[in-house]
Amino acid sequence: MNGVVDWLILHSPALIIAIPLLGAFLTILIGKIGPRIRNVFVIIIMAITSFLILLLVNDVFTNGIRTYVFGGGSTSIESSYAIRILFEIDGLNAFIAIIAAILPIVAIIYSWAFMKEHTGLDKYYTLILLMTAGMLGMILTGDLFNFFVFLEITSIASAALIAFYLDKQNSIQAAFKYIVISAIGALFLLFAVALFYGQYNALNMAVIANNISFTFIDKIALVVLFAALAMKAGIVPMHMWLPDAYGRAPASITVILIGTTLASLYGLFRVIFTIYGKYLFSFDSTQMALTLGVLIIILAVVTIVIGVFMALKQNDFKRMIAFAAIAEIGYMFLAVGAALSTYTFERGAAIISASGQMALKGGIFHIFNDALDVGLLFLVAGAVYYAAKETSLNKLGGLARNMKYTTVFFLIGLAAVSGLPPMNGFASKLIIYQSMFQINPLLTIVAILCSILLLAVFVKVFYSVFLGPKLPKFSGVKEVPKSMLIAMGIIASIIVFIGLFPNIFVENIVTPATNALQNATSYIGGVL
Amino acid sequence: MLEWIEPLIKTLTTDSGFWNPLVWGIVFIISYLVIYIVRGMGKKEYKKDTGQTQVFLSGNPEYDKEKMHVPGANVYWGFTEALKWLYNKFDKMHTGNVSDYILWFVLIMGLFLVIMVVI
Chain A
1 MNGVVDWLIL HSPALIIAIP LLGAFLTILI GKIGPRIRNV FVIIIMAITS FLILLLVNDV
61 FTNGIRTYVF GGGSTSIESS YAIRILFEID GLNAFIAIIA AILPIVAIIY SWAFMKEHTG
121 LDKYYTLILL MTAGMLGMIL TGDLFNFFVF LEITSIASAA LIAFYLDKQN SIQAAFKYIV
181 ISAIGALFLL FAVALFYGQY NALNMAVIAN NISFTFIDKI ALVVLFAALA MKAGIVPMHM
241 WLPDAYGRAP ASITVILIGT TLASLYGLFR VIFTIYGKYL FSFDSTQMAL TLGVLIIILA
301 VVTIVIGVFM ALKQNDFKRM IAFAAIAEIG YMFLAVGAAL STYTFERGAA IISASGQMAL
361 KGGIFHIFND ALDVGLLFLV AGAVYYAAKE TSLNKLGGLA RNMKYTTVFF LIGLAAVSGL
421 PPMNGFASKL IIYQSMFQIN PLLTIVAILC SILLLAVFVK VFYSVFLGPK LPKFSGVKEV
481 PKSMLIAMGI IASIIVFIGL FPNIFVENIV TPATNALQNA TSYIGGVL
Chain B
1 MLEWIEPLIK TLTTDSGFWN PLVWGIVFII SYLVIYIVRG MGKKEYKKDT GQTQVFLSGN
61 PEYDKEKMHV PGANVYWGFT EALKWLYNKF DKMHTGNVSD YILWFVLIMG LFLVIMVVI
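Chains as they are written, first to last, in the numbering used here: chain A, 1 to 528; chain B, 1 to 119.
Simulated from the structure, these hints should not be mistaken for lab results. Hints are not guaranteed to be accurate.
[What the hints assert, rightly or not] Simulated crosslink set (DSS-like; lysine-lysine; CA at most 30 Å straight-line): (1) A:Lys470 to B:Lys65; (2) B:Lys47 to A:Lys470; (3) B:Lys67 to A:Lys470; (4) A:Lys395 to B:Lys89; (5) A:Lys313 to A:Lys123; (6) A:Lys395 to A:Lys482; (7) B:Lys48 to B:Lys67; (8) A:Lys395 to A:Lys470; (9) A:Lys395 to B:Lys84; (10) B:Lys67 to A:Lys404; (11) B:Lys44 to A:Lys395; (12) B:Lys65 to B:Lys89; (13) B:Lys44 to A:Lys168; (14) A:Lys473 to A:Lys313; (15) B:Lys48 to A:Lys470; (16) A:Lys470 to B:Lys44.
[What the hints assert, rightly or not] Each pair of labels, with its calculated beta carbon distance range: (17) B:Gly17 to A:Ile43: 28 to 34 Å; (18) B:Leu22 to A:Asn63: 28 to 34 Å; (19) B:Ile29 to A:Glu479: 51 to 57 Å; (20) B:Gly40 to A:Val459: 26 to 32 Å; (21) B:Trp104 to A:His11: 41 to 47 Å; (22) B:Met68 to A:Asn508: 36 to 42 Å; (23) A:Phe176 to B:Val34: 18 to 24 Å; (24) B:Glu81 to A:Tyr405: 20 to 26 Å; (25) A:Ile28 to B:Lys10: 44 to 50 Å; (26) B:Lys10 to A:Phe176: 45 to 51 Å.
All C-beta atoms in this analysis are idealised placements derived from N, C-alpha and C, irrespective of residue type, glycine included.
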């Protein structure tokens, strides 16, 4: 038994990608047998993938960095470049992989009832598994060109799923915008990869990180990578595709889209802290780290403010949550920017101040919380659409009487995303606020004010959708089917659990991720 | 025997403070009990399903349910109206045209290029 588990742990990085990838293509065949068998098959594939992710994550948190070399044997390092393709998993990608393990499984359970009335579900589930494989590849890979390939897989599958409601013109438009933005982002990413390859003869992140000398070309590559990944992560003013895509995709797909957005954010952090980490945080470049930190802070503040203000005026349920999601990404970005701006050079080593480290921890913690909180709210929006066939806040009302469980889930999501105690969002935002106050009190004031506005945004939704008199046109509305309630219940339970016991999560999962982010040398050491 | 509980209820320390949901929960429950007791001291004249529970609009008849509900667009109307100048600028930004989306991307990349590479 132990032998099997050990084998699974050993090959888990490859299996985590291979199983959903093969499952995706088998889904079409299995779908020919019947929809019920197909649904069971898809959930089994995703459950196995999630189980393997948990095995791998546990292994990384227990034994440290894992390197998986494709093609067998160890990585050949010749003339300072690695030949083989490899996956490298440290605390940071293990952390993000947990999100990628939760979101698709919830989305699939939700889809059973939510998408039941639609045709073309074989392709729908195939694309979900393909999108998941792409997202996991982006998270686990240690190779920049591989990252580009997985980004493309994710983007194409996502675009097809955003356009799933073929009868709706807005969905097709949103998908078109998404694929254009993704293609542009990916092209620039490929350009940066080419710049690295031209200089260092390498595509491996650790090898590039080890050799990087911050030449003029490296600076251009940094700018290009930063802009491309920030656009994919939905940073203002490159965020405009996000409300379109999140708002028009089926709610179950939006949940996975959140994961792909966070995978891009992960890529951005990996570029800044790992690939450029060795040079950016050296004695010669602390000024550069400060400049980058300040630029990130400015973008983050703009992202939070515009996200919240735009959310406040929206009258479409899903579009409103999409803008709130943009603001939430701003919080993570703000924490990372603040941490970067506190880099100093002391006793021969570049270190982040204690406040900066805490801010980084809060930012990383918030990535997880954001995925759950915003994910839950989108599922609630989907449930409301499923039951009332309406997403306009001007037309909805009084649904709390008919949809009691959905209302409770919405309240949990509302409290979590607005940072109300005792939910998970409060714990991460508290860390960000308190650490940020030590760095710059003004940033804390802006962050808290915007969080209050975020609460106002969702109070508006709560009033417009769930409160008010019982409207005759919604008298026939019933609570959504069990599978949708179970999906929302899973996310709500995790939110409440992390909210009630934040320390256990921070100590065991967030802290290793934060440490990994700051320690580029360990990542490089995993290969070289 | 209850060692497993210890890590669960451990306090989360931040840079300059702490957060323990357990403490917050206890305070919340005590506050709730106090409010409940104070509420219990109130007058008991409320009669369910009588005229007391009817909607009162200065003596005017109640409108249809659909007309009584304030739609989402009217919530925070004052706020958005007062900040119309700002919202107009934001609206101009969000054209919905994918070419403009790319333009913003190019602008940000150019700006970063100037700051990070040239300066």
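Practice task
List in ascending order the numbers of the hints, as given earlier, that are violated by the structure.
Solution key: 5, 11, 12, 13, 17, 19, 22, 23 and 24
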